[in-house]
Every structure is written in C-alpha cells, then in structure tokens.
Amino acid sequence: MNSLPGAPTDHRAQPTLQPVRRSRFLTLLPAALAITAVTAGIVAAGPYDSEVAASLEQIDTHHEAIAASHDQIAALQEELLVIDDRIAAAEAVLAAGDDALLLLPVQMELLADEFVDIVFSRNEPATLRHKMAIDSYVRNNDRLNAVLNQSSQMTQQALEDARNRLLYDSVIELALSRLEVVDARLRLAADKIDGMRGTISEAEDRQRESVDRLEAERAEIPLVEARIVEVRSQITEFEAQIKGIEEEIVRLEKMSITTKWTGLQGTDVGRPVLAVKIDNVTRAHPQSGINQADVVYEELVEAGISRLIAVFQSTDAPVVGPVRSARTSDPPLLTGYDRPLFAYSGANRGTQEAVDASPLVDVGHDSAPSHFWRSTDRRAPHNLFTSTAGLWGLHPERTSVPPEPFSFRFEGEALHDVAEPAAGVFIDFGRTEVDYEWNGSGWQRTHNGEPHVDDQGLRVAPPNMVVMFTEYGTSSADSRSPEAITSGSGQAWVFTSGQIIRGEWRRTDSDLPARLTVGGEPIRLTPGRTWVALAPPSSATWR
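Going left to right, the sequence shown walks through residues 24 to 566 as our numbering numbers them.
Since the hints were derived computationally from the structure, they do not count as laboratory data. Note that CB positions come from ideal geometry on N, CA and C, so glycine has one too.
If you anchor each label on the Cβ, the simulated ranges turn out as follows:
id	residue 1	residue 2	range
1	N371	T531	29 to 35 Å
2	D534	E473	37 to 43 Å
3	Q479	T259	48 to 54 Å
Produce the entire structure from the sequences given, and follow the hints as far as they go.
Spelled out as structure tokens, the structure:
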C-alpha cells in the first residue's frame, strides 16, 4: 500500500485542472480524394495534423517522382526513335555496300580478262616479228634501204651476213620495244588488280562494320525497352504507395473525429447534458443506465452512504434509475455544464430552493411526472425510473454541445511521463466501501464487497477512474447532510490504462467543469467512460 503524507497506510491525492480544449478535425476525408481534395478536407486542427501533413508531403514527393518517371519514359521513347533512325541509316549504308560488293567482282573479272589479253599479246610468235620486219622493208623502210645500199659495196657473202644481221637486230629491237609496251600494260593491269582487291577488302570491312553497328543498335532496343518497363513498374509502385498513404490519411482523419465527451470515434450530438440522480444503496442494485453514462459522479450523502449522478451527453439509455432525491452538492457540481437538464425524484425545501436558484433545468419527477415510472419488481423508494430520450425530448431547442469535463488521448499517444503502474484503488465513504481493480481493459468496481453489475448483468468497469479528493461542508438545507465543495482545487488521482497519474483538480470558473492537470499540463484520459469519486480527504488508498 502507498499512503499520503500524514496518513501512514494511505496514499492520498494531488493535481490542478485548467481549461484545455482538445483540437480536432471537423470533417471526414473521403478515401478516394486526390491530393488537393485531401488537403481541402482538413478544415480544423487535430491531434494527427503532423502525421497528415507528413503524409501529404510524402504524396507530393511520390507525385513528383511519378512525373519525373514519365519524363524519363518520354526520353527513353525518344531514344528508341533515335535508335530506329540510326538503324535505318545503317541499313541504307549496308544496302549500298551490298550493291557495291556485287559490282566489284564483275569489275575484277573484266580486269582479269584484260590481263590475260595482255599476257597473250606478249607471247606472239617471232615469225610475226620477222614478217613485220620484211613487210617494213618491202614498204620501203628508210632504214632498211640504207642498209641495202651500203651492202652493194660488200662481198656477196659479207653482204648476206650483214643483211641477215641487220634484219635480225631490227626484228629484235622492234620486238623488245613492243615487249616494253606490253610489260608496261601488264604492270598497269596488275596495279589495277591490286587496287581492285584493296577496294574489295575495304568494302568488305565497311560492310562488316555496318553489320556490327547495326547489331549494336538493335541490341540497344531491348535494353531501352527493359528500362521503360522498369520505370513503369516504379510508377505503379509509387501509385500504390500513394493509395496506401491516402488510406492512412483517411484513417487518421476518422480517428481525429471524436466525441468531446468520451474521446471515442464519432461525431458530437448537439444536445444538453442530462444529469440523473441515482440511488446507490445495496437495495437499489442492480441499477440501470450506469454503464451507458459518459460520466458517473459518486458523492457522499448522509450516514456515510454514497449516491450517484449519471451524466449523459453522447449516449442514450432507454432505462435509467432508480432515480432518487437531490442534494445541495448537486447544483454547484453541475453548473459547469451549461444549464444541464437535472432529473431527480424530489428534494427537501432548502435543496429545492437551491436547485431552482441554479442554472440547472429541472426535468425531475415533480416537473415532468409523465417521463417517470415505477417498477413493480422492487419496493419504493428504490423503484423510480426514467429514460434519456424522453427527458431530452422536453427541450429539442437545445442543440449546442456543452463543455466536456476531460481531455482524452488520441490513439498511440503516450501517457504523461509521471504515470506509475497501479493495480487498483479502495475508497471508504463510511457505510459504503468501493474498490476498483484493473482488469486489462477497465477498472472493475466492487461495491461493499460485491461485484457491481447493472440490470443487464454487466460489470461496471470504466476505462477511467478519477478520485477527486473533495472537502465536505454541512448542507444549509439539512444539517445531517454533507455538501461537497467542488470549486477551488484539490488533489486528484487519475487511474487510466493500468496506471495512476497523481495530479490536481482545479476549478476556478463555476461555469466550467473542473480540469485535471499534472505539472500544469492537462491529464489526458483513455477514450471512453469515466467514473469520478468525490472522495473525502484520506479516504482512499491505491495499490
């Protein structure tokens, strides 16, 4: 057990409360909106603003990447067109080379024929040369005539020898001169043949280069096409990521739209607070509507017993009760809820005067008897019941949402760093002893040693339990009745999510509910219902 200073075995309270209004989004973002619509859907601040803003920035980044990818695809497609042009040019060069290669063998054949003709002309018989020499003489060749004139001065034999020699030399000389011409032609023909072979070799090299270039260009096409497929795959991935981010934004928006009174997802209902005074003695159990109320206050009344005030705003209950009488503690506690409807079964004169003088709107049994009924399965005065719909129906003109009593954590938000693990809390009102124990999802309540269940058999186990250590004075309407002093400040223990946060409650404006704080910061509760014990000082122990 832990205890407060001055109480050896008890652990007593500590916080301060200030008005803290939780920000939220006012509209829900449709799932399939584009980025501009997403941005337009956020019309108010909310707990997930930073996450949504980061998501929108991420979407913008992805869209920029998609635009860049489309530009990249366009550039790659242009590159394919350029490759197509280069392939067409290479094919044209190749075709022209093919035509040239077809002509070159023909030209080589013609050169070969010419070479053969020249070779044959070199092998003409010597007799042909001799005949040519004699023919020249017969035709009065001057040189031969000079030789013949000179021979007349020689002997016949010498003349014959000289003549033959001259004729031979003449034929040889002529043949040699002709051979020189033929040899020159052979050399020219051979050079042409060598040149043609070089031309053919160069043409073949050029064709091979053209074929290699053509194949290289064609090989580029599948690489570029594969890159286009890769970029398109990236675009698909970016689009899928954008869809996921938009869905996450929708989820965050939905989580941001919560009811002010419970912090649960949903939209607020425009109607006033309805506070119903409920009997809490053992004979009044099981009660109705206590597990539907947004907030349930437990206050000390006479003789050390407690009574409940079930406060409804966001939820309805078809049956609420048993309804019991008012106390002077009630008007000061409830005035912070903007003229709440107050349902009770009656009051003594002083208490009734206090109710009438307060901003509370009387919808009690005496003011609206048709909206109350008595059950036959239990004895009076523990058998008076009412319904929330009937009482709200008395004031349909009230459509505003009143100030909420607590601040709530949004999903994923951590508890305050002063939170400590807690198993439960015991509160002693005198003749009423209650205990709350953490069961993993709520603080299950025990009343005078028995599990506290409602008329449906459901255990009372709210997600939040608050002990507001409250001083009590004496009621001006009845000296036997204590009156809770719910203005000012005092210690508070806030039990939420299996933890205790020891802080303060503070209420300096009677037109607003008390606020829970620790170190000047608001204490944020787990979304859901809350039970509040207006416990006398040193009456509670936590464990």
